[in-house]
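> Build out the structure end to end from the sequences listed, making use of the hints.
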Amino acid sequence: MSNRENRDFEFIPVLTQEDEQLLDEALSQLFSYISTDGPVWRTTAQRQRLVRDEKKSHLVVRRSSRTVGAISWRPGQTPGYFVLSISSSDDEAWSSQLVEESIGTAVSLLTRSSEVKRVELLVPTYSEVLIEYLTTCDYFEVEGVLRNRFFIDGKYWPAAICCANLAEFPSVGRREPGDRQELLAALRKKTLEDLTSAHDDTSWRT
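All the letters of the sequence shown, read from the start, carry residue numbers 711 to 916 under the working numbering.
Be a bit skeptical, because a hint or two may be false.
To be verified - So the derived label-pair ranges between C-beta atoms look like this:
1) R784 x V852: 28 to 36 Å
2) V793 x T754: 22 to 30 Å
3) G790 x Q727: 27 to 35 Å
4) R776 x C873: 25 to 33 Å
Derived by calculation from the structure, the hints in this document are not laboratory data.
Don't be surprised by glycine CBs; every beta carbon is placed ideally from N, CA and C.
What follows is the structure, encoded as structure tokens:
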């Protein structure tokens with residue numbers, strides 16, 4: 711089974727401009743009980759800065775051919791430390807199972823491509839789906855609580871500071887031979903897009 715498909719789910723690493731458009735959809739929702747940044751108003755320019763941030767990596771999550779969100783990660787200041795975040799553009803589509811499989815796929819990609827010592831996730835305590843994920847899986851340990859971290863529905867809510875128990879994560883996302891070709895094709899496409907963009911830039915300046 712392809713790592714981009716699991717039942718009716720798709721997990722798409724953001725590599726091409728087409729993927730970036732899907733990521734922009736995932737970041738466009740203002741109000742979400744799933745997104746770990748809380749309720750955030752992002753302009754088009756702000757979303758594009760996030761999409762093009764070279765320090766961040768993204769995995770678009772789709773269900774039944776609809777973009778429902780994304781898992782993103784960025785390195786911390788200490789080598790080997792990473793911070794996960796979840797963005798939702800369709801809260802109704804998310805379940806603890808989808809959170810589990812999405813984060814599992816993201817962590818698998820992360821650990822295959824980087825030396826990882828610690829992965830953190832900040833979970834809003836008003837999110838029933840994320841709290842269910844934390845309490846039914848052994849993949850994260852709650853290390854502390856930040857008081858009044860989020861303001862939503864007219865009140866302040868705390869957030870749980872969680873650290874991934876990397877040894878407990880299953881070996882998800884192992885690539886089949888066909889997946890390698892799929893990834894290489896996507897990388898070639900991205901390279902051609904970058905070269906074309908650079909050429910257009912040079913032509914414009916001359």
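> Would you mind marking each hint as holding or not holding in the structure?
Here is how each hint holds up against the structure:
no., hint, result
1, R784 x V852: 28 to 36 Å, "21 Å, violated"
2, V793 x T754: 22 to 30 Å, "24 Å, holds"
3, G790 x Q727: 27 to 35 Å, "31 Å, holds"
4, R776 x C873: 25 to 33 Å, "32 Å, holds"
Hint 1 alone, counting from the list given before, is not met by this structure.
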